[in-house]
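A.B. asks: What follows is the residue order along each chain.
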Amino acid sequence: MIIVAFLTGVLLICGSLIFNRNKFINYLLVALFGTMLLGFGAYQYNNINTIQLSFFKPDSLGILLLLALCFISIPILFHSYRYIEKFNPDETPRSRGLFFAAMVLLISACGVAYLSNHIAVTWIFVELTTLSASVLIYHHRNIRALEGVWKYVFICAISITFIYVGILFLSLSLKQAGIDDMSFDSIRANYDKLNLFWLKLSFLFIFTGFTAKLGLVPMFTAGVDAKDKAPAPAGALLASILMNLGFVGIYRVYAIMTHTPLHTWANTVIIIAALLSVFVSAVYMTRIRNIKRMFAYSGIEHMGLVMLGLAAGGVGVYAAILHIILHTLVKPALFLQYNQIYWVYQSKSIYDVGNYFKYNKTGAIVILLAFISATAMPPSGLFVSEFLIFQSLFQSHYILILVTVLILLTLIIWGFGSNVFKLLFSPSPKTMDKSAIPEISPWESFSQYVLLAAAVYMAYNPPQRFVELIQDAVKLIQ
Amino acid sequence: MISFLLIILASFFFMGVVVRTKSIASGRRGPGIFQPMKDILRLLKKGSVYSKTTSLIFKIAPVAYLSSVLMAILMVPHGNNPGFISFDGDFVMFAYVLAFGKFMIIISALDTGSSFEGMGASREALYSMLVEPAFFILMGSFALYTGHTSFFTIFSTLHYGSYISYMLGALATFVFVLIAMIENSRMPVDDPKTHLELTMIHEVMVLDNSGFDLGLIQYTSYLKFAMYGAIISNFFIGVLPFWISIPMFLVVQFGFAIAVGVIESFMARFRMGHNPQFIFILTSVSMLIFFGALLVLGKFM
Amino acid sequence: MEKYFIEFFNLIGIIAIISFPFFKTKGRGLITLGVIIVQVIISSIVAFYVFANGPVSHTFTGSFITGPIPFRIDFLSAWFILVISFTFLTGAWYGLHYMKKYKDQTDNLALHMTAFILLYNSIIDICLVQNGLVLLVVWEIMALSSFIAVIFEHNKKETIKAGINFLIQSHVCILFLTMAFMWVKVKTGSFDFSAITAYTSAEPAITGIGLFLFFFFGFAIKAGFVPFHTWLPLAHPAAPAHISGIMSGVIIKIGIYGILRVLLLIKTDMVSLGYFILAVSVITGVYGVMLAIVQHNLKKLLAYHSIENIGIIGIGIGLGCLGLGYNSQILVVCGFGGALLHTLNHSLFKSLLFYCAGIVYQKTHTMDIEKMGGLLKHIPRTGYLFLIGSLAICGLPPFNGFVSEFFIYTGLFNGLQSNDFLFIMALLFAILGLVVIGGLALICFTKAFGIIFLGNSRDHEVRNFSKEKPMDFFPLYIVALGILIIGLLPVILAPALLKITQMYMSASVIPVTPAYNSILGNLTSVGWYSLGFIALTALLYFLRHIITSRRAQTIEATWGCGYTGDASKMQYTASSFIRSYRKLAGSFLMIKKDKQEASGLYPEHINQETHPYDRVENWFIDKPLHLIRRFLNRFVFLQNGNIQAYILYGFIFIGLVILVPVIIEKLAVFFNFLNQL
Amino acid sequence: MIDILLIALAMTLLYMSIANRLHTYLRILVFQGFILFGATYLTLTNVNTVNLLLIMLETIVFKSIAVPWFMSYIIKRNKISRAAEPYLPYFVSLLIVTIIIVLAIILSSSIKDANLDKTYFVVALSTMFTGLYLIVSRKKIITHVIGYLVIENGVFVLSLAVGNEMPMLVNLGIMLDIFASVLILGIFFNKIGDVIKNPDVDLLNNLRD
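Chains as they are written, first to last, in our numbering: chain A, 1 to 478; chain B, 1 to 301; chain C, 1 to 677; chain D, 1 to 209.
If you are wondering where the hints come from, they were derived from the structure by calculation, not from laboratory data. What you are looking at is a predicted structure, and each value in this text was computed from that prediction instead of being measured.
Subject to a maximum C-alpha distance of 25 angstroms in a straight line, what follows is the list of computed BS3-like cross-link-like pairs (lysine-lysine):
1) B:52 with C:467
2) C:161 with A:361
3) C:623 with C:593
4) C:26 with A:361
5) B:45 with B:59
With the hints as extra help, turn the sequences into a complete structure.
C.D. replies: Below, the structure written as structure tokens:
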């Protein structure tokens with residue numbers, strides 16, 4: 001019931017955001033949405049595992065991701081407000097309204113999709129996210145943005161077609177079982193009756209479809225362009241909660257597979273995709289010269305690691321969930337900080353930047369810490385999850401894969417590092433005029449510090465409840 | 001104690017003997033065997049000229065050189081009565097103290113800023129580096145052979161059993177003689193009598209030293225000769241009583257000096273380029289000695 | 001007490017860092033120095049307490065990720081704490097003066113100081129913590145903060161490059177350690193160090209060796225054993241002088257600490273470990289010094305000498321392992337004792353040398369030896385301190401370098417009594433290595449000191465040398481004093497060393513006192529001997545002074561064989577000084593030489609340059625990296641901006657996943673069919 | 001009867017592979033819409049009437065009226081040249097599409113599953129892959145959209161195969177249609193008109209690394 005209320009509320013807010021021209025009221029609406037979201041999250045957390053509307057069941061995985069979403073949405077909304085305010089000369093009330101409406105829609109669609117217990121419902125919300133994301137990507141109405149959104153939309157259209165075909169095959173395999181309730185629980189409940197052939201096909205198609213959202217080989221391509229072209233706060237969303245959406249989809253279907261004899265086959269498929277993803281990210285990290293795209297590729301690398309952990313099983317599944325949550329906390333910090341970089345240099349090419357430490361101390365420290373986190377060096381939180389993932393690979397005797405991954409990661413750190421330190425320390429190019437650099441208040445970076453600190457805390461000293469939730473989510477996988 | 005005095009004594013006539021031998025070999029009567037010492041005394045009386053490039057280093061170096069050699073001599077035993085000071089591994093100390101002196105003399109050569117002396121310094125540094133291993137392996141094989149690790153204990157317990165051990169002794173003597181020649185940069189690696197600076201090693205390093213300093217340096221090299229002679233003599237003295245050992249010591253010293261003289265008069269100096277490999281031969285030979293020692297002890301398997 | 005020590009210790013550092021925003025640069029500098037001094041005092045007190053009353057330990061209840069976190073301060077930790085603290089003290093003090101030149105770069109300095117304090121705290125924590133995961137964390141904090149400290153002059157391109165190289169290599173190092181700890185964790189389910197002992201003593205020896213190799217490679221990268229040394233010669237010239245001094249003095253020693261710690265924990269076939277370490281170390285030492293000689297950048301030269309000294313330390317460690325394997329206590333004492341002592345000594349004279357190099361740099365604004373000459377007249381204090389450092393690093397009496405080398409020599413020669421042929425050969429090998437190292441070091445530092453400080457300036461640049469301020473030299477004097485004291489009274493350190501070395505022997509064996517006493521006796525006599533040496537030299541110099549003061553003295557130009565013009569260009573340069581060496585060693589090294597032949601009756605101005613290059617770096621870093629780049633760049637077509645390709649990826653993926661198994665299956669059928677024929 | 005319709009659909013694919021004018025493609029799309037309309041009526045026998053009506057309405061309105069009309073409107077409005085501009089000669093396209101169909105038949109023959117009507121499967125598969133082929137082999141963005149719509153039709157046929165048991169899935173398919181049409185065409189093509197006059201793939205492949 002509450003979900004319907006929430007969605008209607010969201011739709012109302014979107015509508016009024018689009019049609020209302022008053023700036024103040026718009027921001028008020030956004031704030032309202034923020035509180036609504038928090039309330040929603042709190043409510044769902046309190047009645048976990050209660051079926052709502054027969055399609056929604058906030059299980060622990062959904063709750064975890066929903067809470068992470070709530071946690072990062074607030075700073076992201078705030079920073080998109082700053083973004084719109086601070087530097088968009090050509091910002092019309094309409095575009096502003098559209099931007100916020102799309103953002104609200106995206107956030108809530110993701111949030112609800114986490115909770116859905118029915119593949120079809122998930123699918124619908126995935127469509128919604130594509131719709132809203134495309135608006136965000138196309139916010140700057142220029143040719144490049146157009147290209148980005150075109151690719152994103154088209155690839156996503158193809159990918160959700162894949163998912164749809166996958167669902168059809170799933171239904172075929174259910175046909176044999178003689179059940180017509182397509183909720184994950186019921187499928188998992190009588191996994192032994194499924195027709196394996198169709199199940200295999202359906203997993204393959206659904207997996208491939210969701211890779212577009214998750215940012216994994218083979219369909220990672222459009223996502224990179226999207227994160228590059230979208231405004232940074234939107235990019236932060238695309239790089240965190242939208243990827244999580246893909247993760248949820250794959251995770252739930254994979255959970256079914258693990259109960260069937262196809263388990264090892266599914267693992268192989270996932271490992272292939274994951275390794276390729278890490279490889280691709282290594283290829284581009286070592287040569288990329290566009291800061292935003294670099295962040296996007298590092299996201300691909302992390303998703304690859306998550307999938308490896310998932311496929312390795314054992315402690316790996318725990319690590320995968322932990323890793324994706326920490327990544328959700330860390331990646332937005334980078335994207336939000338990117339705003340300030342752009343304010344300083346008016347460019348996203350690594351050739352035009354330098355000596356950021358001089359122009360914006362606090363921001364530079366954020367970049368430094370976020371770099372440490374994103375490359376999972378020990379003081380950072382992701383190190384723990386990555387360590388556990390490696391450990392799971394080690395335990396399940398994927399030594400060769402482990403070594404390959406380690407080499408690739410080293411290369412990635414090299415590429416990432418040389419760019420980041422070029423940005424932070426090497427002297428700024430002669431051409432830029434120092435006069436135009438705006439004075440940036442340290443408080444702009446506050447939220448990023450919070451996010452990074454949260455990541456470290458969650459990793460090294462996780463609250464008991466948090467651990468329980470993850471372990472409960474792991475139980476889906478046998 | 002006794003060995004110290006003996007070495008000082010030997011140092012007085014040693015170079016004289018060498019010179020005498022050489023002049024006889026070249027058909028002259030030659031000066032008396034104490035002539036070199038007289039020259040040194042003359043030098044010590046003279047005043048000296050300093051280059052305006054030089055610094056304090058240049059003044060300290062000769063003294064440090066002398067004192068390093070003196071300290072080294074303190075450790076040389078005489079048969080079965082030890083030197084002033086003796087402890088396990090003192091020959092390591094011995095080598096390093098000498099190295100200290102060498103270090104000082106080299107930098108003092110560089111101190112003058114003259115290209116000739118730089119040349120000499122560079123050669124000196126390289127050759128002494130090449131000599132070190134031979135000495136250490138030789139002492140190592142003695143340590144292996146006798147099971148002791150100090151000059152005194154080694155030489156007091158050194159005794160030749162089988163033929164092969166005599167052979168080893170001979171080889172060791174040979175190596176030591178050559179080490180002494182190189183350390184004092186005499187024939188065949190260096191010819192002090194040549195007057196072409198480009199081909200000298202030790203002499204060219206002290207071009208700018210004069211008067212007192214020059215005297216010290218030259219006397220130091222005599223001392224060095226005597227010291228090596230003493231060590232060589234220790235190969236043969238063993239545990240003999242004084243009334244045999246002391247004459248034996250003198251005999252060895254004389255023999256050594258004459259040998260030096262003979263070599264210098266009948267051998268030509270090597271080409272500079274050939275010196276390194278020649279010097280390195282010593283290391284290989286001492287390796288052979290080492291294996292010989294292993295063989296004797298039957299540890300070779 | 002120890003509990004509060006750790007918390008209090010780190011708390012001070014953190015408070016200091018937090019307080020930075022409220023001060024000006026000068027204040028920050030003073031705070032840094034003050035904090036370091038306070039922390040040094042505290043930690044030294046604790047270390048001495050440990051030496052007096054035995055090890056202390058305390059366990060924190062960590063989270064369920066880390067498991068319990070034991071902190072244990074035993075003799076080994078205490079020793080390293082003392083070594084590190086001393087160098088950090090002098091380093092901070094010297095750094096305060098050194099950094100005055102850059103006092104306008106406020107933020108940069110603040111970052112640098114933060115990194116400095118973090119560095120000290122983390123490095124001390126490394127010596128205490130006994131939990132794998134936490135160790136990794138502290139380790140990386142150490143690596144990162146040292147990275148930040150290194151790239152202080154980050155407006156230079158090569159500094160950044162060197163820094164990133166350093167960062168990547170230390171990351172590889174931590175990867176090895178991660179693998180090792182992961183191994184233990186997977187097998188025993190615990191991060192505690194004691195788990196390593198439990199695991200390896202239960203398993204066959206080969207497991208222990210494998211585990212040790214992982215640890216060793218990890219620590220070797222940090223310590224700079226060949227072939228893992230390539231970051232050192234790049235990072236040292238890039239860093240500011242005090243950081244170079246600290247890095248070469250203690251940071252690379254943390255690798256040694258790690259190796260010693262692991263040797264303490266792992267129970268396995270020590271003999272083969274000993275041979276392995278011995279071989280690696282001898283190669284390291286010889287290779288390091290061989291390259292050091294041909295370097296003409298002073299800091300790079302010193303960096304290669306750090307590699308050489310690591311080799312010497314390694315020889316000691318290897319000897320100790322062999323001693324454990326053949327259970328000969330004298331070897332254990334001499335080996336590990338020598339290694340530990342040399343760790344201390346090297347930290348002293350190497351930091352001193354780097355500090356002097358820093359002063360030289362600030363006076364001449366170059367590190368190129370060929371441009372220097374005659375500095376002794378302008379900056380005499382620096383010169384004589386550098387001379388002391390050089391004599392010490394060459395291991396010449398009466399300075400401390402000799403003592404530790406003597407320690408190791410004693411062990412080596414004692415070992416010759418053994419009956420094991422292989423062992424004797426190994427010892428011979430080691431002796432040879434040590435001797436060659438000594439000789440080459442002599443060449444190298446006669447060159448370094450002679451060319452830099454003696455003769456005349458070799459380039460015509462006129463530099464105005466400001467007067468040396470005596471106050472600035474205080475830390476250097478302290479270090480020099482330490483060098484001399486250890487050189488003369490090595491015996492004062494003997495009890496501590498014996499305490500540590502006994503940790504390596506299993507509790508069952510009772511230490512034989514005569515062996516120790518003989519060693520102590522040697523040390524004392526070495527000390528007396530050195531004292532006598534100094535006394536004699538002084539006496540002789542005094543005599544000489546008295547005599548020559550009465551004689552006539554004239555000051556003339558250097559004898560120039562009749563040439564009376566400006567001879568400063570004719571002096572022997574660094575490269576000509578080592579020319580004959582270069583001819584000998586050229587085949588081992590990689591020296592790019594570009595020379596122009598003089599031609600014609602009146603030849604034009606010609607010049608010749610030699611650029612030494614590191615062969616190992618070429619093999620292990622450059623070539624593989626180049627190949628990998630080439631390989632990766634093959635795949636850049638993936639993101640080609642063409643949407644049709646993007647769509648195809650999806651279909652191709654699905655198609656392959658479906659078809660490949662089918663094809664394989666059919667092939668299998670076909671081959672079975674063939675087999676049946 | 002139903003088989004005839006499906007085979008007719010397959011025929012249209014062949015025709016599509018050799019068609020060289022955009023309007024031909026549109027007509028074929030319209031025709032396919034009608035075929036699907038019939039197929040829906042014939043297949044979904046035991047679906048409640050309202051839902052059936054809805055589905056059929058969708059097939060008619062979207063697949064055969066709204067979308068084609070809208071696209072022809074776009075073609076006029078943006079003055080897109082009428083030729084399809086394939087990378088490959090038509091003959092090769094024909095060959096490839098034929099091969100696709102044959103492969104689909106072979107593939108489906110390898111499936112041993114009683115509760116799936118092979119005809120649907122073959123036609124759906126071949127339609128989908130033909131759509132893919134169109135996307136890959138044609139140059140214009142608008143042909144990509146057409147190809148995508150063809151894929152949609154294929155998916156729709158597949159959904160019909162399971163439609164009787166799970167009408168909901170068919171509805172989902174409809175949603176997919178609506179979504180695609182609305183998104184790709186509605187929001188999007190106006191913009192392309194605004195920003196670039198001649199929408200050609202070459203103008204939209206500059207985002208690359």
